[in-house]
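Participant: Single-letter residue listing:
Number of protein chains: 2
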Amino acid sequence: MRKPRLMTPGPSPVPEDVLLELARPVIHHRSVEARAVVSEVVDGLKYAFQTRNDVLILASSGTGSMEAAVVNTVPAGSKAIVLDAGWFASRWGVLCQTFGVEPVVVPTEWGRPVEPEKVANALAEHPDAVAVFGTLSETSTGTGHPVEAIGRVVAGTSAIFVVDGISGVGAMECRTDEWGVDVLCVGSQKALMMPPGLAFLAVSPKAWGKIDAFDSPSYYFNLKLARKSMKDFTTPFTPAHTLIGALKVALGRIRAEGIEAVWARHRRMGEACRAGIEALGLELFSSRPAEGMTVFRVPGGLKDSEIRAGLSERFGITTIGGQDRLKGQIVRIGHMGYTDELDVVAGLAALEMVLGDLGFEVEPGSAVTAAQRALMGQHATPPGGIGR
Amino acid sequence: MRKPRLMTPGPSPVPEDVLLELARPVIHHRSVEARAVVSEVVDGLKYAFQTRNDVLILASSGTGSMEAAVVNTVPAGSKAIVLDAGWFASRWGVLCQTFGVEPVVVPTEWGRPVEPEKVANALAEHPDAVAVFGTLSETSTGTGHPVEAIGRVVAGTSAIFVVDGISGVGAMECRTDEWGVDVLCVGSQKALMMPPGLAFLAVSPKAWGKIDAFDSPSYYFNLKLARKSMKDFTTPFTPAHTLIGALKVALGRIRAEGIEAVWARHRRMGEACRAGIEALGLELFSSRPAEGMTVFRVPGGLKDSEIRAGLSERFGITTIGGQDRLKGQIVRIGHMGYTDELDVVAGLAALEMVLGDLGFEVEPGSAVTAAQRALMGQHATPPGGIGR
Numbered sequence: 321m322r323k324p325r326l327m328t329p330g331p332s333p334v335p336e337d338v339l340l341e342l343a344r345p346v347i348h349h350r351s352v353e354a355r356a357v358v359s360e361v362v363d364g365l366k367y368a369f370q371t372r373n374d375v376l377i378l379a380s381s382g383t384g385s386m387e388a389a390v391v392n393t394v395p396a397g398s399k400a401i402v403l404d405a406g407w408f409a410s411r412w413g414v415l416c417q418t419f420g421v422e423p424v425v426v427p428t429e430w431g432r433p434v435e436p437e438k439v440a441n442a443l444a445e446h447p448d449a450v451a452v453f454g455t456l457s458e459t460s461t462g463t464g465h466p467v468e469a470i471g472r473v474v475a476g477t478s479a480i481f482v483v484d485g486i487s488g489v490g491a492m493e494c495r496t497d498e499w500g501v502d503v504l505c506v507g508s509q510k511a512l513m514m515p516p517g518l519a520f521l522a523v524s525p526k527a528w529g530k531i532d533a534f535d536s537p538s539y540y541f542n543l544k545l546a547r548k549s550m551k552d553f554t555t556p557f558t559p560a561h562t563l564i565g566a567l568k569v570a571l572g573r574i575r576a577e578g579i580e581a582v583w584a585r586h587r588r589m590g591e592a593c594r595a596g597i598e599a600l601g602l603e604l605f606s607s608r609p610a611e612g613m614t615v616f617r618v619p620g621g622l623k624d625s626e627i628r629a630g631l632s633e634r635f636g637i638t639t640i641g642g643q644d645r646l647k648g649q650i651v652r653i654g655h656m657g658y659t660d661e662l663d664v665v666a667g668l669a670a671l672e673m674v675l676g677d678l679g680f681e682v683e684p685g686s687a688v689t690a691a692q693r694a695l696m697g698q699h700a701t702p703p704g705g706i707g708r
Numbered sequence: 321m322r323k324p325r326l327m328t329p330g331p332s333p334v335p336e337d338v339l340l341e342l343a344r345p346v347i348h349h350r351s352v353e354a355r356a357v358v359s360e361v362v363d364g365l366k367y368a369f370q371t372r373n374d375v376l377i378l379a380s381s382g383t384g385s386m387e388a389a390v391v392n393t394v395p396a397g398s399k400a401i402v403l404d405a406g407w408f409a410s411r412w413g414v415l416c417q418t419f420g421v422e423p424v425v426v427p428t429e430w431g432r433p434v435e436p437e438k439v440a441n442a443l444a445e446h447p448d449a450v451a452v453f454g455t456l457s458e459t460s461t462g463t464g465h466p467v468e469a470i471g472r473v474v475a476g477t478s479a480i481f482v483v484d485g486i487s488g489v490g491a492m493e494c495r496t497d498e499w500g501v502d503v504l505c506v507g508s509q510k511a512l513m514m515p516p517g518l519a520f521l522a523v524s525p526k527a528w529g530k531i532d533a534f535d536s537p538s539y540y541f542n543l544k545l546a547r548k549s550m551k552d553f554t555t556p557f558t559p560a561h562t563l564i565g566a567l568k569v570a571l572g573r574i575r576a577e578g579i580e581a582v583w584a585r586h587r588r589m590g591e592a593c594r595a596g597i598e599a600l601g602l603e604l605f606s607s608r609p610a611e612g613m614t615v616f617r618v619p620g621g622l623k624d625s626e627i628r629a630g631l632s633e634r635f636g637i638t639t640i641g642g643q644d645r646l647k648g649q650i651v652r653i654g655h656m657g658y659t660d661e662l663d664v665v666a667g668l669a670a671l672e673m674v675l676g677d678l679g680f681e682v683e684p685g686s687a688v689t690a691a692q693r694a695l696m697g698q699h700a701t702p703p704g705g706i707g708r
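From first to last, the protein sequence lines stand for chains A and B.
Per my numbering, the very first residue in the first sequence carries number 321; after that it's consecutive.
Per my numbering, the very first residue in the second sequence carries number 321; after that it's consecutive.
It should be emphasised that the hints constitute simulated quantities derived from the structure, not laboratory data.
Any given hint could be a false lead.
Chain copies aren't distinguished; within one or between two, either way the pair holds.
For lysine-lysine, the following DSBU-like pairs were computed, each having C-alpha atoms within a straight-line distance of at most 30 Å [what the hints assert, rightly or not]:
1. Lys526 x Lys544
2. Lys526 x Lys623
3. Lys647 x Lys551
4. Lys551 x Lys623
5. Lys544 x Lys438
6. Lys548 x Lys623
7. Lys544 x Lys647
8. Lys548 x Lys647
9. Lys623 x Lys544
10. Lys438 x Lys548
11. Lys544 x Lys366
12. Lys568 x Lys399
13. Lys568 x Lys366
14. Lys548 x Lys568
15. Lys526 x Lys366
16. Lys323 x Lys568
17. Lys526 x Lys568
18. Lys438 x Lys568
19. Lys366 x Lys647
20. Lys399 x Lys438
21. Lys323 x Lys647
22. Lys399 x Lys526
23. Lys399 x Lys544
24. Lys438 x Lys323
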């Protein structure tokens with residue numbers, strides 16, 4: 321028996337009660353019943369995103385919300401700043417080019433955080449930039465970016481701050497309104513504990529100003545249509561209502577645990593996983609790690625594929641390797657959403673054994689012990705006090 | 321107790337085994353396991369669509385597939401013929417205008433079928449039209465259009481034939497390749513017996529010729545990216561994999577029943593429902609009814625809302641009224657997908673009783689009897705011989 325353990329940075333495991341909700345009969349999406357579900361889900365999303373801004377629901381993957389953010393806020397022929405620090409951040413640049421927007425790329429070495437001063441410089445040099453496109457948690461490198469500090473920089477300009485929070489929201493502190501995030505993009509299949517198929521946007525009044533200023537060449541992703549429908553708690557086109565019903569249950573879990581406690585749990589899991597990885601003598605890839613995933617460099621003499629195959633074949637654990645220029649160089653372990661401290665401990669135990677089997681010098685128990693120490697230290701922190 | 325009976329022209333009821341499949345744990349969408357599911361689903365879709373063309377899977381509602389069809393095949397500044405015969409067909413025109421395509425509208429009175437000769441005339445007058453956008457089953461009016469005959473007309477030209485089969489495919493005969501449908505758009509929540517959230521496209525070599533001839537300003541809906549990923553049985557962006565897994569089960573049902581038998585069942589249900597409606601002295605809205613739904617005019621002295629509320633409050637039956645210019649004038653009853661002859665009989669029995677309660681002169685049992693007669697006559701037809 322190999323018990324399946326999904327430890328990728330999305331999709332992530334879905335709680336049993338959320339899965340069972342998916343099995344409920346389909347209802348009509350324009351019914352009073354369906355609108356009540358959407359209304360409750362919107363409230364739950366606002367809480368999870370820490371926003372009072374409008375929240376919109378799309379039937380798409382997270383990328384759909386990124387496309388919607390680009391095509392609705394920046395007219396073709398205009399300029400936008402792209403904080404390119406990884407595979408997914410570079411997608412902002414591709415989207416800009418696809419829709420005739422000139423991307424001003426602020427490059428950051430993959431694995432390092434974007435420096436807010438560089439953003440300030442780019443904005444000073446390009447005061448006509450309509451938007452700054454950034455990332456909360458870069459899934460390709462496992463890096464958490466300083467969204468709060470960048471938000472402060474952008475807030476003082478006429479540009480809006482658009483953040484890809486797809487793998488970040490729910491796993492990392494994100495105070496959308498307080499931090500000046502004008503458009504937040506989120507996907508369902510990461511820390512929100514849901515299957516893929518839904519995407520969300522939180523849109524600030526400053527962002528609506530940009531959106532209302534021109535006729536966007538968009539239809540399926542037209543946010544003006546979405547705003548209008550959402551006033552009646554529905555969507556312009558048939559919503560993926562089965563998923564929305566399940567999301568209600570997942571968001572109920574987040575509310576019951578408390579968003580600060582959810583962030584703190586992810587922080588503890590991140591600390592424990594990193595402590596374990598480092599105790600094994602492995603090198604963390606990121607200098608400012610995201611909390612919902614841990615990325616380590618493949619040690620010399622080993623292949624990422626054999627480590628991942630060992631985890632999968634012996635223990636049923638699914639992890640993921642590197643993308644693009646990081647192919648073969650890193651292993652990415654997810655610990656987000658419906659994942660607890662013991663899942664991390666178990667994952668590290670498996671990694672120890674697999675590395676040992678592959679001939680890598682391992683002190684049995686070292687990663688697990690280091691993780692437990694981290695967790696015990698963390699437990700001493702007063703509840704609610706997550707600091708930063 | 322009111323047993324819920326979903327009788328709208330989408331969403332439609334989902335079989336219990338398909339619902340339970342949704343409750344299975346999430347797997348990673350790039351895994352070997354996931355690709356095997358996608359491969360099987362693509363085969364099943366090809367069978368259901370009766371096509372050997374490429375089939376692509378989108379995480380979107382059906383409208384997403386319509387947008388993809390427009391934006392990928394017709395460059396901005398070009399011309400396309402729009403067979404506008406209802407609310408959803410008019411969406412083709414809106415999509416064209418959104419993306420800078422000039423729509424040449426061939427108007428048809430709502431409720432009547434598009435006349436193939438008019439399509440031929442439009443093509444003769446506009447030989448530079450890149451595409452003809454039509455509809456298999458117009459959900460707003462309950463009309464089935466002569467796709468086969470229109471396909472013959474378009475096949476002789478350089479234009480491609482794009483068909484919105486969202487509420488039609490699975491409920492009405494559709495021989496994609498034989499009938500010359502170059503791009504078929506389908507949604508999951510109609511006769512495919514699935515919840516909403518997935519859309520599909522079948523794309524012919526002739527259509528790929530148009531698509532490959534220019535750089536489409538699309539990203540999420542870029543069909544060249546989708547084709548490339550589908551060669552590895554995946555999608556460019558995270559697929560709604562839970563839904564795809566359930567679709568495998570739904571398509572297994574279609575294959576087990578046989579697509580011709582599925583079409584024949586819908587034809588019998590359509591005939592029975594229409595016979596019942598006419599026996600009540602009600603007027604059918606369409607002169608060429610679709611098979612997956614029946615639309616009748618609200619009789620004088622009654623309101624659509626009171627008929628629909630009666631069905632819902634007394635019997636738990638969800639139906640839908642008219643859209644746009646048909647608001648208040650019609651009632652639309654769906655009988656597609658996971659619906660059988662007895663569901664139609666039950667629906668008619670409810671309608672009789674509700675109309676009687678509302679003071680409409682009803683001979684109890686008349687609709688039900690007429691439907692049964694139609695079903696008994698149809699049962700006499702030799703199996704497999706569905707004719708046309």
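Participant: Can you give me the call for Lys568 and Lys366, within, between, both or neither, at a CA distance of at most 30 Å?
Facilitator: within (12 Å within a copy, 34 Å between copies)
Participant: What label fits Lys526 with Lys623 when the C-alpha limit is 30 Å: within, between, both, or neither?
Facilitator: This pair counts as neither: shortest intra-copy Cα distance 48 Å, inter-copy 44 Å.
Participant: Pop the pair Lys544 and Lys366 into one bin, within, between, both or neither, using alpha-carbon distances up to 30 Å.
Facilitator: within (19 Å within a copy, 36 Å between copies)
Participant: Give the relationship of Lys551 and Lys623 under a CA distance limit of 30 Å: within one copy only, between copies only, both, or neither.
Facilitator: Answer is between: at 26 Å across copies they meet the 30 Å cutoff, but 52 Å inside does not.
Participant: Between the shortest in-copy and the shortest cross-copy C-alpha distance, which are at most 30 Å for Lys438 and Lys568: within, between, both, or neither?
Facilitator: Classified as neither: same-chain Cα gap 40 Å, cross-chain 49 Å, threshold 30 Å.
Participant: Within a copy, between copies, both or neither: which one fits Lys544 and Lys647 at a CA-CA cutoff of 30 Å?
Facilitator: between (39 Å within a copy, 23 Å between copies)
Participant: Tell me, please, which holds for Lys548 and Lys647 at an alpha-carbon limit of 30 Å: within, between, both or neither?
Facilitator: between (43 Å within a copy, 19 Å between copies)
Participant: Go through the copies and call it for Lys366 and Lys647: within, between, both or neither, with a Cα cutoff of 30 Å.
Facilitator: Close neither inside one copy (36 Å) nor across copies (34 Å); limit 30 Å.
Participant: Using 30 Å as the alpha-carbon threshold, which applies to Lys526 and Lys568: within, between, both, or neither?
Facilitator: The answer is within: 28 Å in one copy meets 30 Å, while 44 Å across copies does not.
Participant: Given identical chains, is Lys399 near Lys544, meaning Cα to Cα at most 30 Å, within a copy, between copies, both, or neither?
Facilitator: Both: 21 Å inside a chain and 26 Å across chains, each within 30 Å.
Participant: Is it within, between, both or neither when you check Lys399 against Lys438 at 30 Å Cα-Cα?
Facilitator: within (17 Å within a copy, 46 Å between copies)
Participant: With identical chains treated as interchangeable, where does the CA-CA distance between Lys647 and Lys551 reach 30 Å or less: within a copy, between copies, both, or neither?
Facilitator: between (44 Å within a copy, 20 Å between copies)
Comparing the model with each numbered hint stated earlier shows that hints 2, 5, 9, 10, 12, 18, 19 and 24 do not hold.
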